[in-house]
Structure formats: C-alpha cells, structure tokens
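Asker: Going by UniProt numbering, the letters in the sequence shown line up with residues 1 to 524, in that order.
Quick caveat, the hints were computed from the structure, so don't treat them as lab data. On a predicted model such as this, the values are computed, not experimentally measured, just so you know. Some clues are possibly wrong.
Here are the simulated DSSO-like pairs of lysine-lysine, each with C-alpha atoms no more than 30 Å apart in a straight line [unchecked claim]: (1) Lys377 to Lys398; (2) Lys71 to Lys227; (3) Lys15 to Lys71; (4) Lys71 to Lys88; (5) Lys227 to Lys247; (6) Lys244 to Lys88; (7) Lys324 to Lys71; (8) Lys247 to Lys319; (9) Lys377 to Lys161; (10) Lys319 to Lys398; (11) Lys4 to Lys71; (12) Lys4 to Lys15; (13) Lys324 to Lys377; (14) Lys227 to Lys165; (15) Lys227 to Lys161; (16) Lys416 to Lys398; (17) Lys88 to Lys161; (18) Lys227 to Lys88; (19) Lys244 to Lys227.
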Amino acid sequence: MPEKLSELIDQGIEKIYLTPQRESARETLDWVQLQIEYENRRRAPVDALPPVSRRMLNRALSRIDRYAVLKARYGERYAQEATRIYGKGPACTHPLERVEVDHTPLDVQVVDSVTGLLLGRPWITVMIDGYSRMIVGMHISFRHPSVRSVLRCLKHAILPKTYLKERFPKISGEWSAYGLIQELVCDNGLEFHAQDLEAACAELGTHVIYCPTRSPQMKGRIERFLKTLNYGFVHLQPGTTFAKYDKRHAYDSDSTAVLTLEALLEIIHRWIVDVYSVTFHRGIQCTPKQKWDDGVRTFPPRLPPSADIVNVYLGNSYKRRLTKNGIEVHSLQYASPALQDLRRRCGDIDVCIRTDPDNLGSIFVFDEEAQRYIEAKSTSPEYAEGITAEQHRSMLSKARSDYASSPVRLGLLAAKAALRVDTAQIMEAGRSPRGKPKRAKAPKTDRELMVQLEETRQIQLPLEPESDEPSHEDRPPEDVNGDGEVPLFPVRRGAGFAQASEIAMRSDQSSDRPRAEFGQERAR
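Take these sequences, add in the hints, and give me the full structure.
Answerer: Now the structure itself:
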C-alpha cells in the first residue's frame with residue numbers, strides 16, 4: 001500500500017470516524033475516496049493512487065484500540081463500562097450483612113378499583129439481601145420515590161411478614177426474610193440523603209453506604225432484580241407498557257389495563273414468595289430461600305425490642321406546637337397524660353413528632369428533657385385508629401369537595417354576605433353628621449364618673465338648629481314630664497359651656513315663679 005494512501009486512510013478515520021458525531025465507516029470511506037480523487041488530479045496517471053476498498057478500511061480500524069474508539073465516539077464513562085469485567089460484587093458471609101435498595105417504575109398501567117380510570121404506572125422500592133438474594137422488603141406507590149418510600153420499605157424489611165396469609169390467602173409459601181440490616185447500600189438520590197433516613201438508620205444501628213455517582217454496578221444485585229421483575233413478570237401482565245415504546249407495536253396498553261393496585265400487590269407478593277424465592281439462582285448455586293434458611297441457622301436475624309420502636313424511628317418527622325389543645329397533625333388532635341405532663345413542665349413549646357403513615361391512631365412526641373419519645377393518642381380514635389395517611393388525605397379532599405358544592409355552603413356564603421351588608425348599614429347609621437363615628441370613652445376613675453353624672457343634670461340649649469323648625473329661643477319649652485318642669489338635655493362641654501351654666505342658674509332662681517313669667521323672661 002502506498003504511504004500516501006495509508007496516510008489518507010488514517011486522516012479519514014481520525015476526522016470522520018473517531019468523533020462524537022459517530023459517523024459510519026461508509027461515510028469515512030467516501031471521504032477517503034474523495035481525498036484520493038483530489039490527490040490524483042495533481043499526479044501523473046502512472047503515479048495515481050488506487051481506490052480504497054471497504055476491507056482495507058476495516059483492517060485499518062481493527063488496528064485501533066477498542067477503548068480508544070469507544071472513548072472518542074461515546075465518551076470515557078461509556079468506554080469504561082463497555083470494557084469493564086463485572087464480578088460478583090462484595091462477598092457476604094451471613095444474611096442482612098449487606099442489603100441493596102433502589103426504585104424503578106413498573107411497566108404496567110394500573111386502574112382505579114372504583115371508577116376504572118387509568119391511574120398510571122406505579123413505582124416500586126425494593127431491598128435485596130446480598131448474601132441470599134432474598135427480597136427482604138418492598139413498597140409500591142404512585143408517588144415519586146421519596147424518603148417516605150424508603151422508610152416504608154425499610155419498615156417492611158425489618159418486621160416479620162405476619163400479614164401474608166391473612167391478606168393474600170392464595171400464597172402457598174412463606175416470606176421468611178426480615179430483621180435489622182447491617183449495611184444499606186444505595187445511590188446518591190436525594191431521598192437517600194434525607195435527614196430522616198440517616199437518623200432512623202443511626203437509631204437502628206444500620207450503616208448507610210453511598211455508591212459513587214453514575215455507578216450502578218456498585219449495587220448490581222438490585223439492578224439485576226428490578227430488570228428481572230419487569231422483563232420476567234410485569235411484561236406478561238395485561239396493560240403492560242413494555243420497556244420501550246417501539247416494543248409495543250400494535251399493543252394498546254391503556255385499553256387492556258385491568259389491574260388495580262391491590263391486585264398488583266397480590267400478584268407481586270405471589271411472584272416473590274412462590275416463584276422468585278424458590279427459583280434456582282446461578283450466582284449462589286441454589287434458591288434464595290435455601291440460602292437464606294441456611295444462613296439464619298447460624299446467624300439468626302435480629303429484631304428491635306418492639307414494633308413501636310420501629311414505628312417511632314421510621315415514621316414521618318414533623319415540627320409541631322404543643323398547646324392546651326394538645327398537638328394537631330393532619331387536621332387531627334392528639335393528647336395523653338404524658339403529653340399533659342410535658343406541657344406542665346415546659347409550657348407551650350415546639351416539639352419534634354413522628355407519625356406512622358400506616359396508622360394515624362397515635363403519634364410519638366420527643367421529650368428533650370427526658371431524651372425519650374412519648375405516645376399521644378388521637379382524640380377521635382374511632383376514626384383515626386388504623387387509617388393510613390393516604391386514606392385520610394383522600395377523605396379530607398372528598399369532604400372539602402362535597403362541602404364546596406353543597407347547599408349548606410351556598411347558604412353559608414349568602415348569610416355571610418347579608419351579614420356584611422347589615423354591618424355596613426349599622427356602621428353608616430352610627431356616624432355623626434360630620435361623617436365620623438361617635439366614640440364613648442369609659443371613665444378611668446370614680447371622680448370622672450361623678451363629673452359625667454353631674455354634667456348630665458345640667459340644662460343645655462341646642463347649639464344649632466338642625467332643621468327648618470323654629471329654634472329653642474323662638475318657641476316655648478315643652479312640659480314632657482307633666483310636672484311643670486323644663487326637660488333636661490345633656491350638655492356638650494365646649495365653647496358654649498359657660499353660657500349654658502349661666503342659663504341654668506337663671507332657671508334655678510325662677511323655678512318658683514309662675515310658668516308665664518318664666519316664658520316671658522325667656523322671650524326677653
């Protein structure tokens with residue numbers, strides 16, 4: 001091969017093939033052929049370069065290191081993942097030594113059990129034991145993964161699954177995986193860095209291990225299980241969305257969806273217990289259940305002293321105010337003798353509380369002085385006991401919706417509007433002629449009270465006539481009391497107070513004279 005031809009092939013590979021645009025070998029070959037044509041125009045026919053075949057280009061590409069090709073075309077991270085050899089991961093010596101956790105959306109559409117409307121794809125949070133590959137805990141919800149999802153999954157992993165036969169009687173096997181976890185391996189999602197999770201794991205003696213960013217291979221066991229769950233089971237259910245849109249073809253996921261959330265929970269429980277746990281696993285050369293049973297004979301699982309401790313540590317954390325009414329959470333009131341004693345010692349204070357999202361019948365309040373949690377019961381136990389936070393929110397939302405459209409609320413709004421109009425009319429009627437409302441000052445001392453009483457006994461002539469009727473100076477006084485006395489009028493203290501006092505003195509001096517003389521004197 002001429003040296004110039006080899007040089008043009010290398011240039012074509014570097015400029016066209018080894019770029020982030022990822023152009024094909026065919027485009028590279030076309031570029032090289034064009035450069036040969038330009039070069040031959042400057043050469044004599046006897047020195048013309050021969051054309052390059054696809055085979056010649058492929059031989060040149062095969063001489064380049066595969067890692068260098070992948071790095072140039074797809075980036076360093078992809079090149080490392082594509083050329084790495086994956087092993088079995090860290091070895092574990094007993095159950096619950098290392099547990100991996102992660103989330104994924106389930107590839108299936110779920111419908112509402114009452115209306116039949118589509119609710120969408122739920123999320124599942126799963127914890128898998130690294131020693132036996134047994135699933136120790138899971139949680140399914142329509143909410144996006146959060147710290148509450150992780151805490152619920154952790155609670156499910158720690159406590160024994162005693163509910164299994166009662167809730168799902170069709171399950172024939174036993175879910176024997178439970179206990180306190182030594183190491184919890186997770187990625188760097190925000191929900192795994194939440195303070196509630198870190199505090200709960202610290203109280204339970206669980207060490208949280210965070211994998212490096214963009215390193216799913218560090219928790220490959222849970223990644224593999226989630227793929228097995230979707231591809232090996234969920235994709236076989238009605239209403240599946242498959243992993244990718246192009247895999248659906250003519251399959252209509254929405255119209256074929258029939259699974260409710262409760263039905264989905266049941267079939268996943270049955271698949272985990274009766275299928276996955278008793279299926280041969282190549283990584284451990286036995287079934288997960290066999291491996292678990294062998295391990296717990298030597299290392300039995302540890303449990304917390306009581307289930308209440310799990311409810312306390314793994315509950316949702318809030319800050320609330322302790323008042324005379326106790327503590328209000330989720331529009332529910334909570335009180336107890338221990339809570340009353342805390343208020344007696346500390347008064348109205350802000351306290352840290354924890355609630356069990358699966359049972360709003362009670363809450364746990366942290367007593368900072370005693371460094372312990374105290375329990376407070378709901379003041380409406382007939383409603384709150386056994387109800388979940390999601391059910392309670394749904395009931396509150398429905399109650400508000402029903403009230404907003406009820407005749408009672410419309411009547412209430414009309415009554416409020418009428419009351420507002422009446423109040424405005426009363427305020428307008430109570431204003432003085434000058435447009436300012438009258439104000440009455442309450443006397444501060446007994447002396448001021450006596451002065452005000454004395455002033456009301458004085459006689460006052462009207463300061464100004466308020467209508468076209470004759471003034472008081474032009475008309476005789478009326479005898480409204482029927483005893484010949486002139487009626488008393490309240491005195492307004494001000495510029496005319498001295499004049500009113502002088503008239504009152506003259507009235508006292510002439511009180512023994514006949515009425516006619518009094519009228520004549522007043523007329524003068």
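Asker: For each hint, tell me whether it holds in the structure or not.
Answerer: Verification of the supplied hints:
1. The hinted pair formed by Lys377 and Lys398 meets the criterion: a straight-line CA distance of about 25 Å does not exceed 30 Å.
2. Proximity of Lys71 to Lys227 is assessed by CA-CA distance (about 27 Å); at most 30 Å being required, the pair is judged to hold.
3. Between Lys15 and Lys71, the direct Cα distance comes to roughly 15 Å. Compliance with the 30 Å bound is thereby established for this hinted pair.
4. For the hint linking Lys71 to Lys88, the alpha-carbon distance of about 26 Å falls within 30 Å, and the restraint holds.
5. For the proposed pair Lys227 and Lys247, the alpha carbon gap of about 16 Å is at most 30 Å, so the pair holds.
6. Our distance criterion of 30 Å between C-alpha atoms is met by Lys244 and Lys88, whose separation comes to about 28 Å.
7. Taken as a hint, the Lys324 and Lys71 pair is broken in the structure, with Cα atoms around 67 Å apart against an allowance of 30 Å.
8. Under the criterion of a C-alpha separation no larger than 30 Å, the hint pairing Lys247 with Lys319 is inconsistent with the structure, at around 48 Å.
9. Pair hint Lys377 plus Lys161 holds up; C-alpha atoms about 26 Å apart against a cutoff of 30 Å.
10. Proximity of Lys319 to Lys398 is assessed by CA-CA distance (about 26 Å); at most 30 Å being required, the pair is judged to hold.
11. Using a Cα cut-off of 30 Å, the hinted pair Lys4 and Lys71 holds, with the two alpha carbons roughly 27 Å apart.
12. About 16 Å separates the Cα atoms of Lys4 and Lys15, which keeps this hinted pair within 30 Å; it holds.
13. Under the criterion of a C-alpha separation no larger than 30 Å, the hint pairing Lys324 with Lys377 is consistent with the structure, at around 15 Å.
14. Taking the CA atoms of Lys227 and Lys165, the gap is about 27 Å. The hint holds against a cut of 30 Å.
15. Only pairs whose Cα atoms come within 30 Å are accepted, and Lys227 paired with Lys161 is accepted, the gap being roughly 24 Å.
16. With a CA separation close to 24 Å, the supplied pair Lys416 and Lys398 stays within the 30 Å bound.
17. Proposed proximity of Lys88 and Lys161 is supported: the alpha carbons are some 29 Å apart, at most 30 Å.
18. Our distance criterion of 30 Å between C-alpha atoms is met by Lys227 and Lys88, whose separation comes to about 17 Å.
19. Our distance criterion of 30 Å between C-alpha atoms is met by Lys244 and Lys227, whose separation comes to about 13 Å.
Comparing the model with each numbered hint stated earlier shows that hints 7, 8 do not hold.
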